[in-house]
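> Sequence:
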Amino acid sequence: MTPPQPRTRTGTFDELLASGASVPTEGWDFSWFEGRATEARPSWGYATTVAGRLGAVDGPVLDVQTGGGEVLAFALGRASRRPPMVAATEGWPPNVRRAAHTLRPYGAAVVAAAEDAPLPFADGSLSLVTSRHPVRPLWDEIARVLRPGGAYLAQHVGPASAFELVEYFLGPLPEGSRTARDPGRERRDAEAAGLEVVELRAERLRMEFFDIAAVVHFLRKVIWMVPGFTVEAYRPRLRELHERIEAEGPFVAHSSRHLVEARRPGGPGRPGA
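Residue numbers (the UniProt record's numbering): 1 to 273.
Calculated from the structure, these hints are not laboratory results. Check before you lean on any hint, since a few could be wrong.
Here are the in silico distance ranges between beta carbons for each label pair [as the list claims (entries may be wrong)]: (1) 200 - 224: 38 to 48 Å; (2) 23 - 123: 39 to 49 Å; (3) 18 - 117: 16 to 26 Å; (4) 167 - 84: 21 to 31 Å; (5) 178 - 85: 37 to 47 Å; (6) 31 - 104: 39 to 49 Å.
For every residue, glycine included, the Cβ atom is placed at its ideal position computed from N, Cα and C.
Make a model of the complete structure from these sequences and hints.
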């Protein structure tokens, strides 16, 4: 893909900090970053892939950790037809409200549920479970709620994602941190829960941050990257990074993503049908 060209940003260091610190962080709408940061997208086109699957599924669908519901809304809006029932779970209260508003026009119900809580659905009740960037996939719960022949289709954050940026602020991380979210480990965990992994694809993708405001907003929005991040706590490092970007150009990092599809054995037809 050809990323959009960065716009020239003006303003002092303090003005850029204030800009990045003032933007609301709820939901998964990243349009504010246009002209300030870019991230290459995986070749499989997750939201479009989900839209295709939604058009083919005949049973109830659940989107787990939906954020503000933006990705699910995109997929529902482009599906050739809508499933008979669509629901979503979300744990952060501001996102629950946002998702309810975003998904209401599509007839999707939003259920408040903590990310580590059991899924509030009956055993074998769902034909398709989707999720974009869950904090941690609950494989036993996913296997429990899927019907025989039902599928889990998701895009996960992979190992060492954006670690160039994370380690800029936190310093070198233990080796174990680099292997967390390993696709091979997730395959084994899914299989241990009784699921059959039918597709697993991984890619590493270029990210560029064109100004310090983009860095600030990103770390406020994706809170697990630098836990406890605040402008005040990291002001000296932010200034150093600002000066580096001003002198050398965009700060480059690399995100890690993988597409996983896992099926509960049994039942007719293709996964998710």
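> It remains to establish, for every hint, whether it holds in the given structure.
The hints, checked one at a time:
1. 200 - 224: 38 to 48 Å: At roughly 23 Å between Cβ atoms, residue 224 and residue 200 fall outside 38 to 48 Å, so the hint is violated.
2. 23 - 123: 39 to 49 Å: Holds, at about 42 Å.
3. 18 - 117: 16 to 26 Å: 37 Å Cβ-Cβ, so the 16 to 26 Å window is violated.
4. 167 - 84: 21 to 31 Å: Given range 21 to 31 Å: violated, Cβ gap about 47 Å.
5. 178 - 85: 37 to 47 Å: Between residue 178 and residue 85, where Cβ atoms are some 40 Å apart, the hint holds.
6. 31 - 104: 39 to 49 Å: This hint is violated: roughly 21 Å between Cβ atoms.
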